[in-house]
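Each chain, letter by letter, is given below.
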Amino acid sequence: MDMNDIDAAVTVRVNGLRRQFDSKEGKVIALDGVDMQVRKGEVFGVLGPNGAGKTTMIRILSTLLLPSSGKAEVMGFDVGKEPEKIRAVINMASGAERAGYDFITARGNLWFFSQLYGIPSEEAHKRINELSKMLGLQNYLDRKFYALSTGYKQRVTLVRAFINDPKVVFLDEPTIGLDVMTALSIREYILKQAKDHGRTILLATHNMAEVDAICNRVAIIDKGKILACDTPAALKRTLGASSLVLDVSPVPTLGALEPLGKLDGVKGYTSSIDEERGLSRIQVVVEGDAAGQSVVEAIRKMGMTVMSNWRQQATLEEVFVALVGRGFREREHETS
Amino acid sequence: MSLRAIAASIRVGWAREFNWTNPLAGFTLRTVGPLASVIAASAVYYVASVHNIPPSFDPSMLAYIIIGAALYTHVAAYSWVPTLAIAEGKWTYVFPQVYIAPHSSLPYLIGRTLASFASSTMTVIVSLILSFYALSSIIGTGIPFIVTPVSVSLLILAMVVNIFAAFGLGLLLSAYALFATKFEWALPTYVAGLLMIFSEALFPVSLLPHPVSDIANVLPFTEFMRASRYAMIYGDIPSYSLYLGLSVLGGLIFLGLGYAAFKYAENRARRLGVIDKKTA
Chain E
216 MDMNDIDAAV TVRVNGLRRQ FDSKEGKVIA LDGVDMQVRK GEVFGVLGPN GAGKTTMIRI
276 LSTLLLPSSG KAEVMGFDVG KEPEKIRAVI NMASGAERAG YDFITARGNL WFFSQLYGIP
336 SEEAHKRINE LSKMLGLQNY LDRKFYALST GYKQRVTLVR AFINDPKVVF LDEPTIGLDV
396 MTALSIREYI LKQAKDHGRT ILLATHNMAE VDAICNRVAI IDKGKILACD TPAALKRTLG
456 ASSLVLDVSP VPTLGALEPL GKLDGVKGYT SSIDEERGLS RIQVVVEGDA AGQSVVEAIR
516 KMGMTVMSNW RQQATLEEVF VALVGRGFRE REHETS
Chain R
9 MSLRAIAASI RVGWAREFNW TNPLAGFTLR TVGPLASVIA ASAVYYVASV HNIPPSFDPS
69 MLAYIIIGAA LYTHVAAYSW VPTLAIAEGK WTYVFPQVYI APHSSLPYLI GRTLASFASS
129 TMTVIVSLIL SFYALSSIIG TGIPFIVTPV SVSLLILAMV VNIFAAFGLG LLLSAYALFA
189 TKFEWALPTY VAGLLMIFSE ALFPVSLLPH PVSDIANVLP FTEFMRASRY AMIYGDIPSY
249 SLYLGLSVLG GLIFLGLGYA AFKYAENRAR RLGVIDKKTA
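Taken in order, these protein sequences are the chains called E and R. For my numbering, add 215 to where a residue sits in the first sequence, where the first one is 1. For my numbering, add 8 to where a residue sits in the second sequence, where the first one is 1.
These aren't lab readings, by the way, just hints derived from the structure by calculation. Ideal Cβ positions, reconstructed from N, Cα and C, are used throughout, including at glycine. Just so you know, not all the hints are guaranteed correct.
As the list claims (entries may be wrong) - Restricting the straight-line Cα-Cα distance to at most 30 Å, the calculated cross-link-like pairs of lysine-lysine (DSS-like) are: (1) E/Lys242 - R/Lys285; (2) E/Lys341 - E/Lys296; (3) R/Lys286 - E/Lys242; (4) E/Lys440 - R/Lys285; (5) E/Lys368 - R/Lys190; (6) E/Lys296 - E/Lys359; (7) R/Lys271 - E/Lys482; (8) E/Lys296 - R/Lys285.
Unchecked claim - Heads up, incomplete: computed chain R residues facing chain E, CB under 8 Å, no partners named: (9) Trp28; (10) Leu32; (11) Thr100; (12) Tyr101; (13) Val102.
Construct all of the structure, not just a fragment, from the sequences and the given hints.
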């Protein structure tokens, strides 16, 4: 593939993208000079903690929001100057928002959105049936929107996101708050849409398993900046080491673990709480066994008991930890 | 401008108005409002005029009030629909999805307005008929309405023509609703209150102090009220035509202003990032 082919295959191109918001607390920089390219047929993940800038990027690319500076193009059209041309070839869905009129059936809602794209009614109904079947929604299409469960409302949202046969689809946390089985079927659906129809899917998420499962490439984003961008496997390989996982008790407060980050050979750490067992799980990205030993000792000195510890293959969160020095949970706590 | 998008929005708007209950209950409840307004305004006039010294009750003035009150509730009911469509659309996330569909926000607002216009026209006509018979029998005197195919057609034509002005007003209000997170639900109520005073709904605007009366005198809603009364009470076609023409002219000006304000607000809202924002 020569450079021209690569250029033709790029469906989303972002250069120096910056977005700043004025708030009561002052200026907030949501995106700080983002550069990124997404190719045709790719499921591209944008992974980061809450407040990292993922949703802002999707809002800009889907023409809901203008950038403060920089350039963003979708299918070669500029988001600032040619929003209508972009709107004709994209769609978008957010997991946190399930758009629909409560007193209209799922089918009625989907038909309404299809009409906004000028799809002939018969063709629209055909597409609604086909897409719904793929998501197991076909038996619920004639129920009023309000009567659907969260999972089925989300399926309606995802059918809507593909109703206009879009070339690029922006999905913002599409499986948030859903049970495992529903999330799995939605991931399969997304993959199928990319593979079978050559659609570009830009998936913003903080779910690492989701990125690992379906994304061809992923950009790790924090505080409005892209820290790394590659395939999930390549990103994990860059760590070059497995991570140390410790189950400790009692559960430490968020700030209590900060000394860990200052130990020699420690690239960063993150923690989560297992409420059922009253434990905290700490994942530490370390360079070498000596650093691992010093982590265990430091935790003991903090007054915690190490219930068990082991090494595991690096995950994307540990890649994030290695890049930032903190996990998603700590990052969200810092910014809240 | 997509006719398909307008037609779908009419259908959705209609369902939004009536799908929450069965059609008969929905229609009945929607008729109660305008009917109550007409009867309340007429009752106030009747009681005040018969107890005046000397009594000054005038059946043609009662007809004037019935027409004004009914048409005022009609305009108030559907002119705020664009604002409603945006305010509720932000909460349900329907509006951001409409916005990112190509060239769709305006057809969507037009469709929603037309659906409301149709339902409100039906309820207002029923209110006019019911209040006419109810008040005639209670007061025991005839109310001088001209009810012929021509007069009713002229009234309906005036109502249709007034869509320009009402939609223009709706766009002006929705321009605010696009980037507002406060008062967007209440604003149309305030404006409807002003409309009652300034549109000759219940009394001639010449009774207002200058220069307010001059402004009210050229509002398309005032011309619409006058045209409707010339059709239904005075039977004066030349005067009807004059006021209908003025109503069209004013309506187009309102529509132009509303469109410009809405487009400006759309761009500003996109710059501020509030098109999909629910709270401040």
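*Looking back at the hints listed earlier, which ones does the structure fail to meet?*
As far as the earlier hints go, 2, 6, 7, 10 are violated by this structure, in ascending order.
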